[in-house]
Amino acid sequence: EPEVTQTPSHQVTQMGQEVILRCVPISNHLYFYWYRQILGQKVEFLVSFYNNEISEKSEIFDDQFSVERPDGSNFTLKIRSTKLEDSAMYFCASQTGGNEQYFGPGTRLTVT
Amino acid sequence: DQQVKQNSPSLSVQEGRISILNCDYTNSMFDYFLWYKKYPAEGPTFLISISSIKDKNEDGRFTVFLNKSAKHLSLHIVPSQPGDSAVYFCAASWGPRGRSGAGSYQLTFGKGTKLSVIP
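Chains U and F, in that order, give the protein sequences.
Add 99 to a position in the first sequence, counting from 1, and you land on the number used in our numbering.
Add 4 to a position in the second sequence, counting from 1, and you land on the number used in our numbering.
Hints are not guaranteed to be accurate.
[Claimed, not checked] The calculated DMTMM-like cross-link candidates involving lysine to aspartate or glutamate, where the alpha carbons are at most 25 Å apart (straight line), are: (1) U/Lys177 - F/Glu46; (2) U/Lys141 - F/Asp35; (3) U/Lys141 - F/Asp28; (4) F/Lys115 - U/Asp185; (5) F/Lys115 - U/Glu117; (6) U/Lys156 - F/Asp35; (7) F/Lys115 - U/Glu158; (8) F/Lys9 - U/Glu158.
In case anyone wonders, no lab produced these hints; they're calculated from the structure.
Okay, chain U solo, but in the shape it has when bound (with noise of 0.2 Å):
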């Protein structure tokens, strides 16, 4: 069965650099987003992904946050320079159309 899958699982950074997340998104799939969940909190959307360009983003996603598709299958997430509050479980998640997204396992990012 298909699924997204994201690298790294973890990723450890320091305050002030930049990081990488890493997904594969579902090969038929045309709608791609972010996700982030702190510990403790609920999960909230960061960003999403249709036709080549952001399509809705939120309050989070300001210009240290950026997001591409640079070929077919990989879709990522940088992050410019990392703070403290930036360390959450960052999922990526893909869909067909306006049904279920399904999600990565997600990569658990600690900026320290």
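For chain U, the structure is supplied; the task is to place chain F on it using the hints.
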């Protein structure tokens, strides 16, 4: 801004009995509702969904009920099994939305309910 609320942080149920997880929402724009199951250190796994044009959807042991007038949905698991022990998230969406009105069905999640099924 709690548009989706799960007021019970935890629930314990005996194996074989019914588990009922509840969810309330406030945004009338929501037209699609989903339940996800999540184990520690894993991503949310899609369980079952319901469109706002329906009031019930069944898939095996799982049934979701939607009461639009009360802005309430519930997930019933019958019979409950120890393997069902996990955190269950209610989520809601409407769309398409975003740029050009075509590209996003972002999910709004509740805080989750931790279900423990006791053997």
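A quick look at each hint next to the structure:
{"no.": "1", "hint": "U/Lys177 - F/Glu46", "result": "holds, 21 Å"}
{"no.": "2", "hint": "U/Lys141 - F/Asp35", "result": "holds, 21 Å"}
{"no.": "3", "hint": "U/Lys141 - F/Asp28", "result": "holds, 15 Å"}
{"no.": "4", "hint": "F/Lys115 - U/Asp185", "result": "holds, 19 Å"}
{"no.": "5", "hint": "F/Lys115 - U/Glu117", "result": "violated, 29 Å"}
{"no.": "6", "hint": "U/Lys156 - F/Asp35", "result": "holds, 20 Å"}
{"no.": "7", "hint": "F/Lys115 - U/Glu158", "result": "holds, 19 Å"}
{"no.": "8", "hint": "F/Lys9 - U/Glu158", "result": "holds, 20 Å"}
Violated hint for the displayed structure: number 5, the only one.
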